[in-house]
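Using the sequences and the accompanying hints, generate a full structural model.
Going letter by letter, the sequence shown gives residues 1 to 139 in the numbering used here.
In short, the hints are calculated from the structure, not lab data.
A hint or two may mislead.
Simulated crosslink set (DSS-like; lysine-lysine; CA at most 30 Å straight-line) [stated by the list, open to error]: (1) K21 to K93; (2) K21 to K96; (3) K83 to K93; (4) K21 to K121; (5) K21 to K83; (6) K93 to K121; (7) K83 to K96; (8) K93 to K124; (9) K42 to K121; (10) K124 to K39; (11) K21 to K42; (12) K121 to K83.
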Amino acid sequence: KMCADAIARVRSGVIRDRFTKDVEYSVSDSMESPGRIVKQMKILAGGLFAIDTPEGDVIRILRRVAADSIPTNRLRALQAISKGFTLRAAVGKYMKVAHQVADRIIQDLVFLGVVSEDNSKFLKIGHPGVREVIDGVRK
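Written out as structure tokens, the structure reads:
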């Protein structure tokens, strides 16, 4: 369920001013229900078990599906932070995007509560469910 909450947050939209690009608000108030994601994952797991898929493979597949449902740029930023790239510039270089693009993606993730940034501007994964999904993809 922790993963489902993280996935729902990461997939939520963030509305920006079309001229200044400042964050206006998040559509997280109307974000997808984590319960719906759990239900879909249970259905998928049930199907995989029905065809005798080993439990370890089921877990790996569920994590992969969860990661694949995250927008690509957000997933790449989360992977960078998870791998130890803790400054915005380093995340942008890892993602191979302009620093303005990386900044906007990171702002979105901070705004959605899945990444945190301390006073020294160091980034870290701020939601345990995100860490579980990202770690599952790397294995």
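Comparing the hints with the structure gives:
1. With a C-alpha separation of about 21 Å, the suggested pair K21 and K93 falls inside the 30 Å cut-off, and the hint holds.
2. The hinted pair formed by K21 and K96 meets the criterion: a straight-line CA distance of about 21 Å does not exceed 30 Å.
3. With a CA separation close to 13 Å, the supplied pair K83 and K93 stays within the 30 Å bound.
4. This hinted pair checks out: K21 and K121 have alpha carbons roughly 20 Å apart, not beyond 30 Å.
5. Taken as a hint, the K21 and K83 pair is honoured in the structure, with Cα atoms around 28 Å apart against an allowance of 30 Å.
6. Under the criterion of a C-alpha separation no larger than 30 Å, the hint pairing K93 with K121 is consistent with the structure, at around 16 Å.
7. Between K83 and K96, the direct Cα distance comes to roughly 15 Å. Compliance with the 30 Å bound is thereby established for this hinted pair.
8. Restraint check: the Cα-Cα separation between K93 and K124 comes to about 17 Å, which is no more than 30 Å; the hinted pair holds.
9. Between the alpha carbons of K42 and K121 the distance comes to roughly 38 Å, so the proposed pair goes past 30 Å and is violated.
10. Distance check on the hinted pair: K124 and K39 sit about 29 Å apart at the alpha-carbon level, within 30 Å; holds.
11. Between K21 and K42, the direct Cα distance comes to roughly 38 Å. Violation of the 30 Å bound is thereby established for this hinted pair.
12. For a cut-off of 30 Å, the pair hint linking K121 to K83 stands: about 17 Å separates their Cα positions.
Of the numbered hints listed earlier, those contradicted by the structure are 9, 11.
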